[in-house]
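Participant: If you read the sequence shown in my numbering, its first letter stands for residue 39, the second for the next number, and so on.
Any given hint could turn out to be false.
[Claimed, not checked] Ranges between beta-carbon positions, derived for each pair:
1) E119 - T87: 22 to 30 Å
2) E132 - E74: 28 to 36 Å
3) H99 - L73: 36 to 44 Å
4) R48 - E86: 14 to 22 Å
5) I98 - E60: 25 to 33 Å
6) L73 - N115: 23 to 31 Å
7) K47 - N140: 23 to 31 Å
8) E60 - G117: 17 to 25 Å
9) N140 - K43: 14 to 22 Å
10) L124 - S65: 39 to 47 Å
11) T94 - E63: 30 to 38 Å
12) L58 - D130: 34 to 42 Å
13) V96 - Q144: 14 to 22 Å
Honestly, the hints are just simulated from the structure, not real lab data. Predicted, not measured: the structure shown is a model, and the values here were computed from it. Positions of the beta carbon are idealized from the N, C-alpha and C atoms, including for glycine.
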Amino acid sequence: RYLEKYKIKRLFQELGTRLLYERPEDSNAFLIEILEKMKRDIHPFFNETDVQTCFTAVDIHKTGVISAEQYRNALKNLGIEAPVPLETETIDRETFVSSVLNQLAQDTRENTPNA
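Generate the whole structure from the sequences, applying the supplied hints.
Facilitator: See below:
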């Protein structure tokens, strides 16, 4: 339960992926740097650029808007199991990015020990 609640598995996957991709000389210093950066960021796994990239991937017809269903599915793919619904049937890039970042920040606060 603890592992699920605090998303420990996802943390180790992210750290392992970064280690394999970057292949730093000093892996301990690298991990400490990544963890310190994660602590400062709004969300430990996704930043605004990541969320914009997510929108681009979901907007398969390149119309600049996605459906409410695509929005919900994108949030679930980002690890938000119960996304707050928006009061619209279509979502543009700006609304998507703002809403997703807010929900990621809220999700992080709710799942951080002693927050």
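Participant: For every hint, state whether the structure bears it out.
Facilitator: Going down the list of hints, with the structure as the test:
{"no.": "1", "hint": "E119 - T87: 22 to 30 Å", "result": "23 Å, holds"}
{"no.": "2", "hint": "E132 - E74: 28 to 36 Å", "result": "30 Å, holds"}
{"no.": "3", "hint": "H99 - L73: 36 to 44 Å", "result": "39 Å, holds"}
{"no.": "4", "hint": "R48 - E86: 14 to 22 Å", "result": "19 Å, holds"}
{"no.": "5", "hint": "I98 - E60: 25 to 33 Å", "result": "31 Å, holds"}
{"no.": "6", "hint": "L73 - N115: 23 to 31 Å", "result": "24 Å, holds"}
{"no.": "7", "hint": "K47 - N140: 23 to 31 Å", "result": "24 Å, holds"}
{"no.": "8", "hint": "E60 - G117: 17 to 25 Å", "result": "23 Å, holds"}
{"no.": "9", "hint": "N140 - K43: 14 to 22 Å", "result": "21 Å, holds"}
{"no.": "10", "hint": "L124 - S65: 39 to 47 Å", "result": "42 Å, holds"}
{"no.": "11", "hint": "T94 - E63: 30 to 38 Å", "result": "34 Å, holds"}
{"no.": "12", "hint": "L58 - D130: 34 to 42 Å", "result": "36 Å, holds"}
{"no.": "13", "hint": "V96 - Q144: 14 to 22 Å", "result": "21 Å, holds"}
Of the numbered hints given earlier, the model fails none.
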